[in-house]
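Protein chains in written order, with the numbering used here: chain A, 1 to 262; chain B, 1 to 288.
Read the hints as simulated data drawn from the structure, not as lab findings.
Among the hints, a few may not be true.
As the list claims (entries may be wrong) - Using 25 Å as the maximum straight-line C-alpha spacing, the simulated DSS-like pairs for lysine-lysine come out as follows: (1) A:LYS101 x A:LYS259; (2) A:LYS195 x B:LYS100; (3) B:LYS191 x A:LYS192.
The structure presented is a predicted model; accordingly, all values stated were derived computationally and were not measured.
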Amino acid sequence: MIFKKEVKNTKMTPYEKVVFNRNKVRQASDYIKNIFTDFFEMHGDRRYGDDPAIISGIAKLGDISVTVIAQEKGADLKEKQTRNYGMAHPEGYRKALRQMKLAEKFGRPIICFVDTSGAFCGLGAEERGQGQAIAENLLEMSNLKVPIIAIVIGEGGSGGALGIALADEIWMLENAVYSVISPEGCASILWKDSKRAAEAATSLKLTAEDLLGFNVIEKIIPDNDDVFNGIKVMLNQTLLKFSMMNVEQLLENRYNKFKSIK
Amino acid sequence: MPNPFAIFKKPLNKPELKGREAPKPKMPDDDLCIVCSSCGKSFFNTELADSLFVCPKCSFYHRVPSRERVKMLTDEDSFVELNEDLVSKNIIEFPEYDDKLDKAIAQSNENEAVICGTATIDGEKCALFVMDPIFMMGSMGTVVGEKITLLFEHALEHKLPVIGYSLSGGARMQEGILSLKQMAKTASAVKRHSNAGLLYIVVLCDPTTGGVTASFAMLGDIILAEPKALVGFAGPRVIEQTIRQKLPIGFQRAEFLLEKGFVDNIVPRKDQPNTLARLIRLHKGGSR
Ligand SMILES: [Zn+2]
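Bound-form chain B, shown alone (with noise of 0.2 Å):
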């Protein structure tokens, strides 16, 4: 099969949307039709893939279903999935959750809102976890945070460093206290990698909030964003319910992260495996 992401191997800053001689590979949703909620304008689905879920006409960033995000950032056949068979339980018995589970497995077609594995990023081997839009929007229950965890552990193990891909509404109410405690076990996993000199870098998408944003996702060695990207801890809606005012425009995007001085840099779509990669490369010339 044709890679629909091939287009990261040309000059990236024109994408060639019209005249590809190669036939577009059948993906789940090949024929839906998507509106862009930016601009209006309605693009097939693959057309969409094909720039990267950034909109053609108006430069918007859709959100990335995770594994089309591994394919655009990795090299061909290089991720080796780990953990992919976990999948969630309704320990605490809530409500209405089995059937959320179930739908959000049909739509996402992932058995959880994180991928993990081991991959190559333009030659530079590294552990991945990206997280999913589609699956209850990203929230960490506990399988979340135990694939996590074990990702850093088998990187820790095999001295990779971590790039993670933070994509969350923050911890899975449906969960209770269980889901809350993940961000405790993330971040513990983070330290003990880290302890062993190994380099951690975390790319904050639209949405990262609450426990997520509390957790694993702010503790990167290095932090880049998303443009416009929404990151935060408590959500927007939420905070103007409580300070019973509008927030500002901009307010809690990765441009105004950066300027208080929480995130590192902010990265392009396109940018990004080369940015990487170049980081990983970078970091291999120290003493350690």
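With the rest of the complex left out, here is chain A (with noise of 0.2 Å):
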């Protein structure tokens, strides 16, 4: 399958970034097509239901195995309802969580594809511990023993990227987004005023320039047409970095990685 280049000039607003992934054609299912093989789909949190929202399974990249999670948002109206927009209950942070036991388990990396606007509110989510569910993945992933790559292809929304985002490394893709509140939302928030949108993206510092000053992420993804073999490109070198380290020094590396945050 072929892309066409989404961007369609190199200086966006950070407010326009905002509006372009709100409507990318690319899913994180065609990262899944095209950066892995022998992708095997696996549903469901074993407690409550499957959460179409998250997509995740097991596949190989190049010869190594490796557990894939990803917010999925669909690529037609249809879609996009069964999905929930990407938008996960806390079945779907459960049914995460449970991949990346069993990628402990069995030693597997764990590549993580973030793209939501964020954890879905309603009634049912919050019945069912929506914080709670996020909370313990953060503490989970916080000394799961196998390295963890997340890449925000799209939304990095708030709480709810976050919770398949505790990584050794955090990459972005050049246009995307990460942000602690949806700018509308500041807007209103802050000056009672959603219409000043524009005003609190640039405020918030959500691009992937931002993050990286910050220190927040590690690299940042061009994107190109080249953009999957680009990612499987990364994906091996930074595993092989990985792969020589044990696993105290990995876990204290990741430790001291959001501990600096300051």
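With the hints as a guide, bring both chains together as one complex.
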């Protein structure tokens, strides 16, 4: 499958980037198809149900087996509705955690693709403990004894993104965004005016360049026709680096990486 | 100075508000009259403090300033504060944030939205963090995340249980992505403390929402809550806007969380010191 370059110009404003990522054609499943081979999808959290907003399974990256977890928004309207526009419920985060635990058991690196406007907010999500589900993922991911790489391929929406993104390395596509709150939400809370979203987007410093500057991410991925291959090469290099580290060192580095954000 | 919360040393079920012989200590807002938002009756600030900020008339649980909470909870003079000098900077240069910080410091008389330290509660030594409702509604920026992380590290080093009072509107948006990452940072610190077999008890206070719910507030070995405290991930207003209907009464309240299996127990304010000390003691009987 060939994708047209989705970037219309190289200099989008932060808010233009936000809007751009909400309507992207390229989905997480496209990354899975084009980067890995032999992907076997696995469903369900074994507690409540299966959340279609999160795709998870096992695949090959070259010769290595990896666990893949991805937030999928859906390609067309029907699929978007099925997948709840990539906004996961608690069972989605628990589904991801189950896969991560399996990855740890079998010594597989974990690759997460982040693309969500946020964790879903609604009655069911609250009843089933959205906050608790994300919190538990953070707790467990901080101590998983296998390498974790998270790639923000579109929208990194707050806690909903972070719930699968506590990782040894976090990468972002050059035009992706990652923010503590949506610009609209920020503007309406602070200035009681959601129309000032563009201003909020700039103030929130949510672009890949901003985050690299704050040492919150490790790499910016050029968004071009070769993006899948580019990610594949970077994954191979980085996993090779991690394979030479012992578990104690890996976990110590992971702890210190977040500890240093202050 | 007589302890205004000496009431703890007496039987707790009938607070004696009148006829106390000790002169009332001077507090910052001593002369301020507070109108109970629930029943409309007005009280002097000190009067409310004496009743543990529970309305003497209608039993409504008012939010407790962090410093008052520490006094209510801990044995007299036992609290030793840690990292009290850490103050926030406007790292991402967010508009109006400097002014907001100045205002929050002036209003709360605290440097940040959480105070941390060690103390004894009914004789039991612990590390303690208490979030502040006056300082930007307990929102978590880098300093709140750092102070809580440092407290867990201190507790790990000294093999202390951690008691945490959560009260927060969530991550502090004025610090952008850096505040979001404090969720990962604090959760990592909780995990290290937990791996060492140490106890962490959370008391969820009104309100606990957003990034604080989705990190350290939901990670206690034991999770307690104050009666009727609002606890959730998304705020009620946001949910109502999303689903375009009114939320049922009691939704996201402590009693609702108890029913859904997300808290271990609801503990009235007057019983909290005893309960916490008792739980610490109960954990001493294991093999670790
Ligand atoms: Zn009242």
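Hint-by-hint comparison with the structure:
1. A:LYS101 x A:LYS259: 24 Å, holds
2. A:LYS195 x B:LYS100: 22 Å, holds
3. B:LYS191 x A:LYS192: 38 Å, violated
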